[in-house]
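> Position chains R and W against the provided structure of chain P, taking the given hints into account.
In case you want the letters, here they are:
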Amino acid sequence: MAAPTVAPPPEAPRSGTGAGAGDTAATPVPRARRGSRIPRSPKVVVGAGMLALFALLAVFGPMIAPHAPDWQASTTSSVPLPPSSSHWLGTDQQQHDIFSQVLAGGRDTLLIAFVAGIIATCLSVLVGVTAGYLGGWVDEVLSILSNIFLALPGLLILLVVMHPLKNTDNPLLIGAVIALTAWAWGARVLRAQTMALRNQDYVESARVIGERKARIILVEVLPNLLPILASSFIFTVIYGIGTYVSLSWLGVINPSSPTWGTMLNSAQSSSAIINSYWWWYAPPALCVALVGIALALLNFGIDEIINPRLRSARTHRKGVRYTLGLTPVLRDSTALEGSAVNDSAVKAVKGAAA
Amino acid sequence: MSAVSATVKAEPVLEVRGLCVDYGVGSSAVRAVTDASLTLHRGEVLGLAGESGSGKSTLAYALTRLLRAPGVISGGDVLFHNRPQGSAGERTETVDLLAADLAKLRQIRWSQLAVVFQSAMHALNPVARIDAQLTDVLKAHRRQMDGAARRERAVELLRMVGISPDRLRSYPHELSGGMRQRVMIAMALALEPQVVIMDEPTTALDVVTQREILEELMLLRERLGFAVVFITHDLSLLIELADSIAIMYAGRIVERAGAGQLFHTPRHPYSLGLLQSFPALHGERVRMEGIPGSPPTLTALPGGCAFHPRCRYAMDRCHSEQPALLSPHDEPIGAQDRVAACWLQDGTQPPPEPLALRPGAAPDTDAALAAIPAAAPATTEGDEQ
Amino acid sequence: MTTILRRLGFYALAAFAAVTLNFFLPRMLPGDALQNVLSNIKSADITPSQLAALTAQYGLDSRQSLVSQYLGYLGHLFQGDLGTSTSKSVPVSQILASDLPWTIGLIGAATVVAFLLGTALGIVVGWKRSGVLDALLPVATFFQAVPYFILALLLLITAGFNWHWFPYSGGYETGRYATLTEGWNGPFVTSVVEHGTLPAATVALASVAGWIIGMRNMMITTMDEDYVLVAAAKGLPQWKVVGIAARNAILPSISNFALSISLVVTGSIVTEIVFSYPGVGYAIYEGVLAADYPLMQGILLVVTFTVLGANLLADLAYVILDPRARKEA
Chain P
-13 MAAPTVAPPP
-3 EAPRSGTGAG
7 AGDTAATPVP
17 RARRGSRIPR
27 SPKVVVGAGM
37 LALFALLAVF
47 GPMIAPHAPD
57 WQASTTSSVP
67 LPPSSSHWLG
77 TDQQQHDIFS
87 QVLAGGRDTL
97 LIAFVAGIIA
107 TCLSVLVGVT
117 AGYLGGWVDE
127 VLSILSNIFL
137 ALPGLLILLV
147 VMHPLKNTDN
157 PLLIGAVIAL
167 TAWAWGARVL
177 RAQTMALRNQ
187 DYVESARVIG
197 ERKARIILVE
207 VLPNLLPILA
217 SSFIFTVIYG
227 IGTYVSLSWL
237 GVINPSSPTW
247 GTMLNSAQSS
257 SAIINSYWWW
267 YAPPALCVAL
277 VGIALALLNF
287 GIDEIINPRL
297 RSARTHRKGV
307 RYTLGLTPVL
317 RDSTALEGSA
327 VNDSAVKAVK
337 GAAA
Chain R
870 MSAVSATVKA
880 EPVLEVRGLC
890 VDYGVGSSAV
900 RAVTDASLTL
910 HRGEVLGLAG
920 ESGSGKSTLA
930 YALTRLLRAP
940 GVISGGDVLF
950 HNRPQGSAGE
960 RTETVDLLAA
970 DLAKLRQIRW
980 SQLAVVFQSA
990 MHALNPVARI
1000 DAQLTDVLKA
1010 HRRQMDGAAR
1020 RERAVELLRM
1030 VGISPDRLRS
1040 YPHELSGGMR
1050 QRVMIAMALA
1060 LEPQVVIMDE
1070 PTTALDVVTQ
1080 REILEELMLL
1090 RERLGFAVVF
1100 ITHDLSLLIE
1110 LADSIAIMYA
1120 GRIVERAGAG
1130 QLFHTPRHPY
1140 SLGLLQSFPA
1150 LHGERVRMEG
1160 IPGSPPTLTA
1170 LPGGCAFHPR
1180 CRYAMDRCHS
1190 EQPALLSPHD
1200 EPIGAQDRVA
1210 ACWLQDGTQP
1220 PPEPLALRPG
1230 AAPDTDAALA
1240 AIPAAAPATT
1250 EGDEQ
Chain W
2 MTTILRRLGF
12 YALAAFAAVT
22 LNFFLPRMLP
32 GDALQNVLSN
42 IKSADITPSQ
52 LAALTAQYGL
62 DSRQSLVSQY
72 LGYLGHLFQG
82 DLGTSTSKSV
92 PVSQILASDL
102 PWTIGLIGAA
112 TVVAFLLGTA
122 LGIVVGWKRS
132 GVLDALLPVA
142 TFFQAVPYFI
152 LALLLLITAG
162 FNWHWFPYSG
172 GYETGRYATL
182 TEGWNGPFVT
192 SVVEHGTLPA
202 ATVALASVAG
212 WIIGMRNMMI
222 TTMDEDYVLV
232 AAAKGLPQWK
242 VVGIAARNAI
252 LPSISNFALS
262 ISLVVTGSIV
272 TEIVFSYPGV
282 GYAIYEGVLA
292 ADYPLMQGIL
302 LVVTFTVLGA
312 NLLADLAYVI
322 LDPRARKEA
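Protein chains in written order, with this note's numbering: chain P, -13 to 340; chain R, 870 to 1254; chain W, 2 to 330.
Mixed in with the good hints, there may be bad ones.
[As the list claims (entries may be wrong)] In silico PhoX-like cross-links for lysine-lysine, where the CA-CA straight-line distance does not exceed 20 Å:
{"no.": "1", "chain 1": "W", "residue 1": "K89", "chain 2": "W", "residue 2": "K43"}
{"no.": "2", "chain 1": "R", "residue 1": "K1008", "chain 2": "W", "residue 2": "K241"}
{"no.": "3", "chain 1": "W", "residue 1": "K241", "chain 2": "W", "residue 2": "K129"}
{"no.": "4", "chain 1": "R", "residue 1": "K973", "chain 2": "R", "residue 2": "K1008"}
{"no.": "5", "chain 1": "R", "residue 1": "K973", "chain 2": "W", "residue 2": "K43"}
Please keep in mind that the hints were generated in silico from the structure rather than gathered at the bench. Model, not experiment: these values are computed from the prediction.
Chain P extracted, bound-state conformation (with noise of 0.2 Å):
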């Protein structure tokens, strides 16, 4: 069954490693990780404190805008100014204020990506997680389906397929119409995952007993998923706003209230870039650079979760330097709490031997 291109489940439990951490380390176990923490590693809490950051923009951005996006500083100019104290990043050629564009333009974004995310991870739990738990012939269906929808270019079908709704507003439509090309990834990971867990010994348990399927799959299954489902929900993010914005850059959707994505998009058909207008574009670009970032910076944390080895064996650690096949020896380190006591009273008692 295992086709090539089927991705291997990303950490199914193996027993038996040889060397070294075999004797203490515990060997990850999914149930034990239900409750584990993200690592507090700067690159979470970086892009954690980022994405916060952009969060409380799209809810309260547009309130603390100093101008609507649609105010202009002057209604016979068609130069574009520079930053000043008054207009902190400048106008565009319509003069609207850019700042409180951006301000307000990250709002549609964020809530289409989000959206796109949560349908998206939704479909692929039901694809991914039936297809992985039945088998059989079902999963064939869906295996070959999720294959299928991997292998479309969805920008492009969205090209085709948003031009005419150009001027829809919903958020809620263009999410979904996003979600439809971009569920099939978390589908086939979620399916590895699925079917790695599925043979778990607490599993298997649960369906001799005689647990409905349902509940197993609620009870048993998902909740070991989740981090698998949380990267695949970021991953899916991170797709939603590169795509919502690439289509409203390129004109194919085309929003009422400006968008970071029509804000490169005005900004590119007057020529922004040959007349060195930067105040006009670097601000969208970078926060929807940012807001990537933010996300993968995230995700770094959730793949340490999934798979502790990322995590553990830094080859440099307080100093030490680890090699494989080259334990290093430290002689000086002393400073062992637990067996001090221990090592002491081993000493007394060989001088009281000698």
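This is chains R and W only, laid out in the frame that chain P set:
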């Protein structure tokens, strides 16, 4: 038990003194092996036994410097008395493995000190053919050999472990579990090393295959004369195979003795418990006792003797004081390599009857060993096939 | 053999699904959009026979049933007839024949560069695991997390517009004073390479992070395998130990690549638009703006087939590299 071990037994090939191993560094470090000392003599089989988590594998991998991160060696010495092939007589060079750099280690590794891993399934590279995995060591260590000679040697090695040479072009997944482990053993013997470390080499196999492979292994050992460090949780197997045995518990060696001595007169309650956990196939019927409870985690070791919570003979003293690994007070003079870490044996009180020295049992003689029934390994930890 | 047959079966099925989806795409349009398409077709500057073919394909003459429309569409497709572009008044297949090589060349060059560079870096980062190299990852993430077109704009503004390192528009020099003749001659090839550098760099930069991170993660996982420790225990040279780990780590990296092919392809199509590159990406953009449905559909179909073809290549590479998959095959 073998001619080889009888003649050259006195000469050590691998000495471990006071080895300490930690997982991690600094305040988060956990001590996995404490103050372990062992001596492996030329041609001898040294058994290392204990439950999982007792530190026996950690010890073995640490002394070869193969222990993975976050493992750190925090004390002790490991001396390898190298006598390279061809050098006549007593010319031995002593290498401090803990002071050696990667180049020096690479020189010793496999050519003098080989390792057979627990699961050949995982120890063989899944995308390389058997011949490539047999000849790469020859390529690295025997520069003068040409392709044809390497191939010839690979054929010879496979024959030696009873595998038809037409398997040379196979991939590991095309072989059965037993064949894979034989390939692994052939690989380990490719350069005729002086020491082979075997980490539970047969636990992943079914009982019959296990038996066959062990028998072949012992025949090969007699022929080639290498010394073996044999790691297993199956003490009855060791009684049969090993010349001397070290029992580990919670990272410490708690008893060290000749195989016969240990079988007839265990001096540590944990050894006794282990002996009673495995049935002897032909011996008198005894009630299987086992050991109550489970091994402690290294992060939360009980104070005093780590075994006391599970020990039926535990005294007040055992809760607070760690016993040293000493020769029991009533052992005859000269039984230097017979030690146990137990307060019952310090002479302040007579040890309980099962742990006492029995006058009738002669220490480590051929007669005593002959009396040992051929114990069959009673457990398999799971079969991979 | 069964695995290969199954994979081929899947590709046949996927191709069929793409063809069918393509047929129904314009029929799913809302009413006014469809009217727009129809008026485009009617006003197109094409021959009567081409017009007749299009009216049949889009079901404009209601005498034909949907089934016979579909069969007719399939029949044309098998003859390589993708209809006529309403905006450019030439057969779609003709446009594709001239544009597709540009796109495939761009994606191919970028993918080879990204694969070689990313895999090599991933091996080093995964093996060394030092703080310095791990700090590289967020930088790589930047390229991965940012939409292709923003990366493309960034390169266009910096390396193209400001620093004049490379041309940033078109596929080769077409200015007033250009004296190039298309074909395998030095000046033309040089010009093509120069013009292709920035678009290819965009695609390579965007996908290299995926290779680096995927390879790094797989290296770390693979290094925990016993056979890598055995290689160290054998006293093999360090580079051989790394090689054994890398050889095994690359397998999942290839299957993951298969998952991301369509993202790479769509990404490079957006990149073409930024650099006005004469590939199918720029053509479909023009088609969308002109509501030229025959052109859009033709490109969509060809791009889907390209993705499927790339998937097939990845499958074959996997079977060649993994003896276990070979056995099943």
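> Each hint needs a verdict: does it hold in this structure or not?
Hint-by-hint comparison with the structure:
Between the alpha carbons of K89/W and K43/W the distance comes to roughly 14 Å, so the proposed pair stays at or under 20 Å and holds. In summary, the hint linking K1008/R to K241/W is supported, as the alpha carbons are separated by about 11 Å, within the 20 Å threshold. The suggested pairing of K241/W with K129/W holds, with an alpha-carbon distance near 15 Å, which does not exceed 20 Å. Between K973/R and K1008/R, the direct Cα distance comes to roughly 17 Å. Compliance with the 20 Å bound is thereby established for this hinted pair.
Our distance criterion of 20 Å between C-alpha atoms is broken by K973/R and K43/W, whose separation comes to about 83 Å.
Figure legend: structure checked against the earlier numbered hints; the only hint not met is number 5.
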